[in-house]
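Based on the hints, put chain B in the right spot on chain A.
So the protein lines, in turn, are chains A and B.
Be aware that the first sequence starts at 1, since it is given in the UniProt record's numbering, and climbs by one per residue.
Be aware that the second sequence starts at 1, since it is given in the UniProt record's numbering, and climbs by one per residue.
Calculated from the structure, these hints are not laboratory results.
Don't take every hint at face value.
Pairs count within a copy or across copies, as identical chains cannot be separated in the list.
Straight-line alpha carbon distances no greater than 25 Å define the calculated SDA-like cross-link-like pairs of lysine to any residue that follow [what the hints assert, rightly or not]:
1) Lys196 <-> Asn164
2) Lys194 <-> Gly102
3) Lys196 <-> Tyr79
4) Lys194 <-> Arg95
5) Lys194 <-> Phe90
6) Lys196 <-> Ser170
7) Lys194 <-> Ser141
8) Lys194 <-> Gly69
Number of protein chains: 2
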Amino acid sequence: MMTFRDEDFLPVEVPIGVSNRHIHLCRQDLDTLFGPGYELTVYRQLSQPGEYAARETVTIVGPRGVLEGVRVLGPVRSYSQVEIAMTDGFRLGLRPPVRESGDLEGTPGIAVVGPSGALTLPRGVILAARHIHMEAERAASLNLHDDQRVQVLVPGMRGMIFNNVIVRVSPNFRLELHLDTDEANAALLANGDKVKILRP
Amino acid sequence: MMTFRDEDFLPVEVPIGVSNRHIHLCRQDLDTLFGPGYELTVYRQLSQPGEYAARETVTIVGPRGVLEGVRVLGPVRSYSQVEIAMTDGFRLGLRPPVRESGDLEGTPGIAVVGPSGALTLPRGVILAARHIHMEAERAASLNLHDDQRVQVLVPGMRGMIFNNVIVRVSPNFRLELHLDTDEANAALLANGDKVKILRP
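Excised from the complex, chain A in its bound form (with noise of 0.2 Å):
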């Protein structure tokens, strides 16, 4: 069995972040959807900077299901890409693979339909790997780098120790553990939450 003391951890408390599922969305296919030239509207602002989520939700369709009112999160990317939780792509009929943001090589595709447009992406559904976004000077002050891969505890009763979450770092990230539905379903954790990291 293992047991930890505290010396095991590195000196940080990360809070969790719970992805939902969401879409980004590039201009030409905000254009399909919404209209030739529309901008988003920010419904609340995220953790990381710039980032927000848009009042604007879309409907996906996959082979064996829907799912509505899925977020639009802003600001609009040089490329669309859906992130789903595996328990969606059971309703949706669809198995995304995990991946970095981006990394959309031989990910599924969907259809999706907005309020002025209806559009199907070849590809982009995915399911997103589990991640800590880190400012530049903690990363350095903990001696982490960029695409570094750590091991997460959770504590309690659904107690359990994430592997390979990958540490991303940029002067403009603030701390946070972003984990999707399933994760933190399973682990019962909420947005706030705090978890630690395990010494490399």
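Just chain B now, kept in the frame of chain A:
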């Protein structure tokens, strides 16, 4: 970073059984929902001897949402119990605790609707505590005992270590680790996949 060698594990590979949301019914509740004296019919035998998924399904109605087609498991029990995943809990508007089967004190209730009637369970909705069913002979050979907590390693990109996995031992059991759909989907595990137990 933890790394493991073969000798860190018990010499057994445990197949996964994923438990989708389901309901167990007592005789009286079966009568109310399906009619007096109703007998469940077998849809599919489950891995644990004598247990089966019935053809019969019910609708469960929580304060914020509804789940249709919730399968009844047979045979009837001395108590009614609803086992869901936390993802289902959010849809229903319930936050059930993690419990072992039958430990229902203080758990939320829910409305249940069948073809012949409806009832409100005053309690009985749980997130099932993950557990390994194990034959008594095998447990003895592995030096494990009933109610022991072990840790289980899941390999792969979504790899993790589940803590607090309860070992349940009986001569009638067949080796299997039962996870709910959130746990299985978080770890990308499906029925029949194999995992390893860390040596206690």
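Each hint tested on the structure:
For the identical chains of this complex, Lys196 and Asn164 are neighbours both inside a copy (14 Å) and across copies (18 Å), given an alpha-carbon limit of 25 Å. Taking CA atoms no more than 25 Å apart as the test, Lys194 paired with Gly102 passes in neither setting, with 27 Å inside one copy and 31 Å between copies. For a Cα distance limit of 25 Å, the shortest separation of Lys196 from Tyr79 qualifies neither inside one copy, at 33 Å, nor across copies, at 40 Å. Proximity of Lys194 and Arg95 under a CA criterion of 25 Å is satisfied inter-copy only: 20 Å between copies versus 30 Å inside one chain copy.
For a Cα distance limit of 25 Å, the shortest separation of Lys194 from Phe90 across copies, 21 Å, qualifies, whereas the shortest one inside one copy, 29 Å, does not. Taking the shortest Cα distances, Lys196 and Ser170 sit within 25 Å of each other inside one copy (20 Å), while across copies they are farther apart (37 Å). Within a single copy, Lys194 and Ser141 get their C-alpha atoms as close as 19 Å, which meets the 25 Å cut-off; across copies the closest is 39 Å, which misses it. Neither within a single protomer nor between protomers do Lys194 and Gly69 lie at most 25 Å apart by alpha-carbon distance, with minima of 29 Å and 36 Å respectively.
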